[in-house]
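Asks: These are the residues of each chain, in order.
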Amino acid sequence: MIHKLKKSLGIVLAFGVMALGMPDRVFGEEIILPKAVFTLEQEQVVAEGVRQLTYLGLLADEEPIKIQVVEADLRNPEVSVKPVEAREGNYGKRESVSSMGARSGGVAAINGGYYNTTAPYAPIGSVLIDGELLAEQDLFRTSLGWLEDGTIRLGYFNPKNYLEDPYWQGLKHLLTAGPLLVEGGRPVFQYAQEGFYGTSESRHPRSAVGLTADGKMLLVTVDGRQPDVSSGVTFDELIYLMLDLGSRGAVCLDGGASTTAWVNGEVINQYSGGSQRVVANGIVIRSGIAVFMDEKRIYYDVPPKVQNGRTLVPLRALLEGLGAKVDWIQETQTVVATRADLKLQLPLGSKKALVNGQERELDVPALVENDRLLVPLRFVGEIFGARVDWDPDKIITITTGR
Amino acid sequence: MKRRFWQIIITVFVVFGLILSQAAAATSQRVVWEYSNVANEKAYFGFLTPTETGTLLVSKNSYRDPKVLELNDQGEIIWEYGPIQANSAYYLKNGNLLIADSGAPGNPQKPRVIEVTKDKEVVWSYELSSRADSPRQATELAGGNILIVGGDKVMEVNRSGKIVWQYRELLYPNFAQRLDSGNTLIVDRGFYGGKVLEVNPQGKVVWSYGNYGSPQKRGELNRPVWAKRQADGSTLVADRGAAVLLKVTAGEVETVNQWLDVLRSVPVQDLWVALPDLENEEILLSITLTSGRSVIWRAEKGIETLLKGKEHVFATPPIVLDGILYAGAREVMGLVGAKVNWKAETKELELISEDQHALLQIDQAEGMINGKSITISPPRMLGNTAILPLAFVKEYFGLEYNWDAEGRLLKIL
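So the protein lines, in turn, are chains A and B.
Each position in the first sequence, counted from 1, maps to that position plus 492 in the numbering used here.
Each position in the second sequence, counted from 1, maps to that position plus 193 in the numbering used here.
By construction, these hints were calculated from the structure, which means they are not laboratory data.
Only a predicted model underlies this, so the values are computations on that prediction, with no experimental measurement involved.
Hints are not guaranteed to be accurate.
Claimed, not checked - Rough simulated footprint, nothing fancy, chain A against chain B, three-plus residues with beta-carbon under 8 Å: (1) 299 to 313; (2) 514 to 521; (3) 576 to 586.
What the hints assert, rightly or not - In silico lysine-lysine, BS3-like type, Cα no more than 30 Å apart, as pairs: (4) A:LYS886 <-> A:LYS843; (5) A:LYS664 <-> B:LYS303; (6) A:LYS574 <-> A:LYS817; (7) B:LYS503 <-> A:LYS652; (8) A:LYS797 <-> A:LYS835; (9) B:LYS503 <-> B:LYS421; (10) B:LYS604 <-> A:LYS585; (11) B:LYS501 <-> B:LYS604; (12) A:LYS652 <-> B:LYS311; (13) A:LYS574 <-> B:LYS303; (14) B:LYS587 <-> B:LYS494; (15) A:LYS817 <-> A:LYS797; (16) A:LYS844 <-> A:LYS886; (17) B:LYS440 <-> B:LYS604; (18) B:LYS540 <-> B:LYS587; (19) A:LYS652 <-> B:LYS260; (20) B:LYS503 <-> B:LYS536; (21) B:LYS397 <-> B:LYS440; (22) B:LYS355 <-> B:LYS260; (23) A:LYS652 <-> B:LYS235; (24) B:LYS587 <-> B:LYS604; (25) B:LYS346 <-> B:LYS260; (26) B:LYS313 <-> A:LYS652; (27) B:LYS494 <-> B:LYS565.
Claimed, not checked - What follows is a set of in silico ranges between Cβ atoms, one per label pair, in the way DEER data are often shown: (28) B:SER323 <-> A:ASP885: 53 to 63 Å; (29) A:ARG678 <-> B:GLU599: 48 to 58 Å; (30) B:VAL357 <-> A:GLU533: 29 to 39 Å; (31) B:ASP345 <-> A:ARG579: 43 to 53 Å; (32) B:VAL357 <-> A:ASP706: 31 to 41 Å; (33) B:ASP345 <-> A:ASP641: 32 to 42 Å; (34) B:GLU504 <-> A:GLU533: 33 to 43 Å; (35) B:GLU227 <-> A:ARG567: 55 to 65 Å; (36) A:ASP706 <-> B:LEU471: 50 to 60 Å; (37) B:SER322 <-> A:GLN718: 33 to 43 Å; (38) B:LEU471 <-> A:ARG740: 51 to 61 Å; (39) A:GLN718 <-> B:ASN595: 52 to 62 Å; (40) B:ASN393 <-> A:PRO569: 54 to 64 Å.
In this text, a Cβ means the ideal position worked out from N, Cα and C, and glycines have one as well.
Generate coordinates for the entire structure from the input sequences, incorporating the hints supplied.
Replies: Take a look at the structure:
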């Protein structure tokens, strides 16, 4: 079966597709490591400092796998990544990754740590968010920790003495998951010691977090239990996959039917359970400003922009949300928004606007960015009677009052 | 060891268990000793080291309270050390223990090899730089140096912590032993197949068996876990995947023992250890069952079969259940040129030869042969395989054999 990998590798190379995952240790003639050969299928910019990459691959026995990677540049000041705890709701304290990602202002999200499958669905291990210990359990499993200074740590977390532990000094967020997959750019095989067995040597959907040498965090999902599309991976295969994706350090998250990747309002992987599973926590990537209108998240293909202390947002979603009709007058390069007896004229690039014919001064004019018209949010919102609130996490809440 | 006592206890346990659970599968009666954890303890036994005093050093690996335990033959814990996710432990001549600490899951635990006194004082330690080099085995050599197997290498470290020898052309070594010749016998589990190598002090492979591809046929390794060079130059290799103990001599491979039937007799989730006890011709197994219960079993030698004087390996090895010798229905009927039709819904077996026609049902003593009813020792299920009493096959289908129960040798003529 292994001999076939050489053949398929040959085909991949012969057709000139760049093989990103390639066996690098070959003794004699046989390919001997549990490595997948995979190629980049699709790549997109999700938001500033955040990319999404889709890979298709073949395992050593030619079974297919589909890999989704969301890459967050932790050195980009616009980007932040943190765990999010499920809200109490219809499913107890469980929530879908989509819902957690959307309501916490994320541009992307992945499922988090393990949890008990019976009520009250408590996380297995510890959870700490914004310095607050939300779940504590002293488990010999790997935890993923975020320090105040931006350092990401992988290690054993004891909730009883972490405040005295120099390794966790300045801890901001933490999630227990496991097993550790990669350390120092080398494979680690300690899944059995972390209490993962039974399913370790068989293929399943799996989720993992990788940390690269250039300061990026990779949120990775491998779909599984779908024979023709993606068969899933064993821990050994996941370890080599995370290495081939460039991880210097990596830890596995909850997998199986929990494996879910969400980007800008859409689930991008194929979860294996038929419907999206509700889970106890997730990891959310944020980039720039997130806008909610009457509690509903608005996703933009061109992100909101801050200029001279004022926020500009793409006009259409805003004005339609405010119940206004939007017209663009080409000759005068002016946006005209009308609602009942209210009429706003906003000339592009001008600091003067007309409200029902009366001139009003603007701090920042409307502008064009990437073919999209951006308008000053607070000015436009307040003219149409909405309230605009900012929170320190760069979340803007528009209350239309309609 | 109080072998007989435990045999009775286990028999009682198994019989009682069968009555209670109505379990269709039969638990192997080769199991002569058992140690088990508490059902919901979420622990397994990661290594087994029999000691000279008859005790057993084991690791209880768990994400809650991992420990090294020393068990006496009554299954009582007489010493323990932890918390530690240990991968091996051996007694040293001075009475201390040498323990390979995986360092899992991480800070503040570090992957290291430690010498610990019975009073639990660490008197020597050697730290590995990364969990990628986590020690899987550590043993003391004659001169006092320590042989460490871990990551993708085997190395010899002196007591000052200096590496004095290493061999790195490996994938996933899990066992090594220094031979009298000064060479090192290494078992490399690899990721597919597996290999046993003998490496000389200069780092040259002077002998090897197996390969890193998928095993294709009998005798090819599938995750070997243990090896021993014998005085006659042959090498014994215990293979976890194939569930066999092989004897490899120049150009020849012989099956010395197998425990496939033991594994088939219970719903096995994970097999952690298969360690031969050569002196007693037994095998020590560490298993986690699908129920979550982890057990250590000592199993008697499996049945060896000679077919017309030659070694024969059944896919379903012959097994003794309640004193009756069984073999896989299809395989044994094949030997007498008979056909087997299996009706899964009714669990019925139809056996057809040129002059005989039999209808039997699993777990039923009543059967039909050529239209007449007979009473026999009932056919049974072993895992997913129907097994037939050999005495029945002899009486009605003319299978000729000799059974040496004491020597566990079956000769099919």
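Asks: Between the stretch 576 to 586 of chain B and chain A, are there enough contacts, at least three residues with CB-CB distance under 8 Å, for the coverage claim to hold?
Replies: violated (count 0)
Asks: With a C-beta cutoff of 8 Å, work out whether three or more residues of the stretch 514 to 521 of chain B approach chain A closely enough for the coverage to hold.
Replies: violated (count 0)
Asks: Please test the hint of 52 to 62 Å on the beta carbon pair from GLN718 of chain A and ASN595 of chain B.
Replies: Hint holds: Cβ distance 53 Å, inside 52 to 62 Å.
Asks: Given the proposed pairing of LYS574 of chain A with LYS817 of chain A, does the C-alpha separation stay at or below 30 Å?
Replies: Violated. LYS574 of chain A to LYS817 of chain A sits at ~38 Å, over the 30 Å cutoff.
Asks: Mind checking the alpha carbons of LYS652 of chain A and LYS235 of chain B for me, to see if they're no more than 30 Å apart?
Replies: Cα-Cα ~22 Å, so holds.
Asks: Please work out if LYS440 of chain B and LYS604 of chain B have their alpha carbons no farther apart than 30 Å.
Replies: 20 Å, holds
Asks: Check whether the Cα positions of LYS397 of chain B and LYS440 of chain B lie no farther apart than 30 Å.
Replies: Roughly 23 Å separates the two Cα atoms, so the pair holds.
Asks: With a cut-off of 30 Å on the C-alpha distance, tell me whether LYS797 of chain A and LYS835 of chain A pass.
Replies: Cα-Cα ~25 Å, so holds.
Asks: Can you confirm whether the C-alpha distance between LYS503 of chain B and LYS652 of chain A stays at or below 30 Å?
Replies: Not satisfied, since the Cα-Cα distance of roughly 64 Å exceeds 30 Å.
Asks: Decide if the proposed pair is consistent with the structure: LYS503 of chain B and LYS536 of chain B, CA atoms, cutoff 30 Å inclusive.
Replies: 33 Å, violated
Asks: If you draw a straight line from the CA of LYS346 of chain B to the CA of LYS260 of chain B, is it 30 Å or shorter?
Replies: Judged against 30 Å, a Cα distance of about 25 Å means the pair holds.
Asks: Need the status of pair LYS817 of chain A, LYS797 of chain A: alpha-carbon distance at most 30 Å?
Replies: With a Cα-Cα distance of about 23 Å, the restraint between LYS817 of chain A and LYS797 of chain A holds, given a limit of 30 Å.
Of the numbered hints given earlier, the model fails hints 2, 3, 6, 7, 10, 20, 27, 28, 30, 34, 38; all others are met.
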